[in-house]
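Using the sequences and the accompanying hints, generate a full structural model.
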Amino acid sequence: MNNISLLIIAASLAFIVYLGMRARRGIEMNLEQWSVGGRGFSALLVFVLMAGEIYTTFTFLGASGFAYGFGGPALYIVVYTVLAFVMSYWLLPPVWRFANAHKLLTQSDYFAKAYGSTALGTLVAVVSLVALIPYLILQFKGIGIIVELTSYGGIAPSAAVWIGAGAMTLYVVFSGMHGSVNTALLKDAVVLIVCVFLGLYLPYHYYGGLGDMFHALEEARPGFLALPEEGKNAVWYLSTILISGLGMYLWPHTFASVYTSKSEKSFRKNAAVMPLYALVMLFSMFVGMAAVMQVPGLSGGQIDLALLKLSIQTFDPWLVGIIGAAGLLTAIVPGSIMLIASSTLFARNIYLVTSPSTSDASLSRVSRVAALLISLIAVILTLRGGQSIVALLIMGFSFVTQLAPALFASLLWGRLTNKYGVAAGVCIGVGTVAYTVLAGVTMQQLFPTAPSWVHDVNIGVIALGLNIVTMLLVSAATCKVAQGSIAARLRSSPEPL
Amino acid sequence: MSRLFWLAAIPVVLAIGGVAIANRVTPFIFGMPFFMAWVVGSVLITSLVMWMVYLLDPANKP
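If you read the sequences in order, they're chains X and V. For the first sequence, this note's numbering assigns the number 497 to the last residue and increments by one with no breaks. For the second sequence, this note's numbering assigns the number 559 to the last residue and increments by one with no breaks.
FYI, nobody ran anything at the bench for these hints, they're computed from the structure. Incorrect hints may have been included.
Stated by the list, open to error - In silico DSSO-like cross-links for lysine-lysine, where the CA-CA straight-line distance does not exceed 27 Å: (1) X/262 <-> X/309; (2) X/269 <-> X/103; (3) V/558 <-> X/480; (4) X/103 <-> X/262; (5) X/103 <-> X/265; (6) V/558 <-> X/265; (7) X/269 <-> V/558.
Stated by the list, open to error - Under 8 Å between C-beta atoms, here's a sample of chain X residues computed to sit facing chain V: (8) 83; (9) 223; (10) 225; (11) 227; (12) 234; (13) 269; (14) 275; (15) 278; (16) 280; (17) 412; (18) 416; (19) 479; (20) 481.
Claimed, not checked - Covered stretches of chain X (chain V as the covering partner; in silico rule of three or more C-beta atoms under 8 Å from a C-beta of chain V): (21) 73–81; (22) 235–245.
The structure presented is a predicted model; accordingly, all values stated were derived computationally and were not measured. Don't be surprised by glycine CBs; every beta carbon is placed ideally from N, CA and C.
Structure (structure tokens):
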């Protein structure tokens with residue numbers, strides 16, 4: 001009987017690979033097609049790709065887990081996503097115009113071109129890769145957990161990781177972005193249905209309805225459903241929203257997805273609908289909340305298992321199999337986009353810089369080999385395990401946010417900044433983040449005598465602040481040296497907002 | 498452009514306002530705890546605001 005869930009999961013995997021590989025039909029595959037879909041995606045496909053990128057294992061397992069562990073504060077996820085969507089209306093069209101005009105393929109290309117420095121591009125590429133690998137590992141870990149639990153132990157996590165990673169790498173190597181967008185359509189549909197179903201049914205099953213569940217939670221744990229006075233309080237909430245919102249579009253794969261659009265209008269068209277899409281994350285949180293009193297005792301890294309454990313406790317194997325398949329999709333599809341972005345970054349902004357005379361065809365091959373290698377490295381690191389992965393991911397998110405000042409400066413304050421300032425700012429920002437995470441420094445340690453609300457501010461704010469100050473100061477100090485490159489850059493620079 | 502920016506400020510104000518005045522569980526609105534209801538309401542209003550921005554923005558007239 002338990003084999004049913006395994007069968008469903010295996011069938012879904014086979015179907016995804018089929019869909020992904022089939023996407024290549026009728027397309028002359030070159031690097032531009034592989035990495036940015038030939039810049040031909042309609043507004044609808046761009047919507048599916050970009051809005052769908054918020055439906056990763058983070059939404060499925062992470063959001064429900066966070067709601068299970070922390071209650072009200074989990075809503076920060078919805079808020080920062082929506083605010084980032086608002087920002088995208090004005091942020092993405094000029095980025096797209098610039099990328100389209102200069103035929104850019106990666107996020108690093110943007111910084112290299114906007115600031116007239118391939119060295120800066122390589123710096124950004126290294127930072128991005130260091131940030132992306134843990135995110136990829138997180139998806140692989142998700143595959144391991146989801147498949148192990150929903151197959152009732154039928155498949156060991158390590159085998160699941162190999163198979164999942166293998167399937168993903170297969171259609172990435174064959175179809176690139178075309179494969180990812182086709183499978184994204186399927187993923188978004190399945191995740192939408194499964195999330196909404198679970199979010200409505202589970203509270204109904206255990207409490208008689210959503211409202212009843214909330215009342216029960218308020219009685220058992222007063223205040224759980226709003227922000228607490230200490231810990232993840234209002235200050236934490238707002239500062240985390242700020243950092244996360246700024247960082248959302250700076251993930252290299254999200255940034256590169258912008259390039260796939262046929263026109264800048266897509267982003268303006270989509271901005272009104274995307275906030276509604278974010279509401280689906282609420283359903284995932286409802287599941288986490290339902291699990292609070294039904295699957296008690298999960299803590300630390302275990303909170304991510306809340307949704308799966310509650311589902312296994314409640315449903316027959318065939319339904320668990322479907323839920324497992326949905327979870328698999330949330331890991332494989334975004335994972336494929338991350339893999340494409342990493343490989344292209346490596347090929348264009350690291351390999352090409354060291355061997356400038358590589359032909360386009362060879363570069364295309366290099367990207368695909370890189371995809372294989374990066375996937376392999378990520379699998380090995382995943383299997384080695386370790387809680388440091390969470391620390392690395394938090395670092396990854398804070399890393400990419402350090403690119404925000406450079407991005408906004410390129411669009412708004414072109415004359416105030418140059419490549420030296422930006423590079424220095426990024427280095428200081430990234431260095432600060434690495435230091436605070438690796439040394440375990442907290443706001444309390446940095447500012448012991450400050451009022452307590454200062455202690456609740458997200459520590460990424462410090463790094464960002466230092467970054468901006470450094471960027472402006474170094475730019476001002478080097479403005480004479482950089483004059484030539486500023487002039488050249490402004491000639492090719494993005495139009496101001 | 499500036500009229501559009503004022504519209505876009507609404508979602509931000511709602512997010513901050515959520516913390517200032519909506520950080521409570523009671524009263525329950527449509528069955529949801531107040532804080533959650535506020536967030537949901539702000540998201541719906543944001544969607545509306547962005548739709549209005551789209552309609553008003555001269556960049557969208559062909």
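Hints and how they fare:
1. For a cut-off of 27 Å, the pair hint linking residue 262 of chain X to residue 309 of chain X is broken: about 42 Å separates their Cα positions.
2. For the given pair, residue 269 of chain X sits about 23 Å from residue 103 of chain X by alpha-carbon distance, which is consistent with the 27 Å threshold.
3. Between residue 558 of chain V and residue 480 of chain X the alpha-carbon distance is near 42 Å, which puts this suggested pair outside the 27 Å criterion.
4. Simply put, residue 103 of chain X and residue 262 of chain X have alpha-carbon atoms about 12 Å apart, close enough for the 27 Å limit, and the pair holds.
5. Under the criterion of a C-alpha separation no larger than 27 Å, the hint pairing residue 103 of chain X with residue 265 of chain X is consistent with the structure, at around 18 Å.
6. With a C-alpha separation of about 11 Å, the suggested pair residue 558 of chain V and residue 265 of chain X falls inside the 27 Å cut-off, and the hint holds.
7. The straight-line distance between the Cα atoms of residue 269 of chain X and residue 558 of chain V is roughly 12 Å, inside the 27 Å bound, and the hint therefore holds.
8. A cut of 8 Å between beta carbons decides the hint on residue 83 of chain X: the least distance to chain V is about 6 Å, and the hint holds.
9. At about 6 Å, the closest approach between the beta carbon of residue 223 of chain X and any beta carbon in chain V falls short of 8 Å, and the interface hint on this residue holds.
10. Checking residue 225 of chain X against chain V: minimum C-beta separation of about 4 Å stays under 8 Å; hint holds.
11. A least Cβ separation of about 5 Å between residue 227 of chain X and chain V falls short of the 8 Å threshold, and the interface hint therefore holds.
12. Taken as an interface hint, residue 234 of chain X checks out: its beta carbon lies about 4 Å from the nearest beta carbon of chain V, inside 8 Å.
13. Against a cut-off of 8 Å between C-beta atoms, the interface hint on residue 269 of chain X holds, since the closest Cβ of chain V lies about 7 Å away.
14. Hint status for residue 275 of chain X relative to chain V: holds, with the closest Cβ pair at about 5 Å, below 8 Å.
15. With 8 Å as the threshold, the beta carbon of residue 278 of chain X comes within range of chain V, its nearest partner Cβ sitting at about 7 Å, so the hint holds.
16. The interface hint given for residue 280 of chain X is broken, as the beta carbon of that residue sits about 11 Å from the closest beta carbon of chain V, more than 8 Å.
17. Interface restraint check for residue 412 of chain X: the shortest CB-CB distance to chain V comes to about 13 Å, outside 8 Å, so the restraint is violated.
18. Interface restraint check for residue 416 of chain X: the shortest CB-CB distance to chain V comes to about 21 Å, outside 8 Å, so the restraint is violated.
19. For the restraint placing residue 479 of chain X at the interface with chain V, the shortest Cβ-Cβ distance is roughly 29 Å, beyond the 8 Å limit, so the hint is violated.
20. Hint status for residue 481 of chain X: violated, given a least beta-carbon distance of 35 Å to chain V, over 8 Å.
21. A count of 3 residues in the stretch 73–81 of chain X with a Cβ less than 8 Å from any Cβ of chain V is obtained; the coverage claim is therefore met, three being the minimum.
22. With a cut-off of 8 Å between beta carbons, the stretch 235–245 of chain X has 3 residues touching chain V; three or more are needed, and the interface restraint holds.
In summary, the numbered hints that this structure violates are 1, 3, 16, 17, 18, 19, 20.
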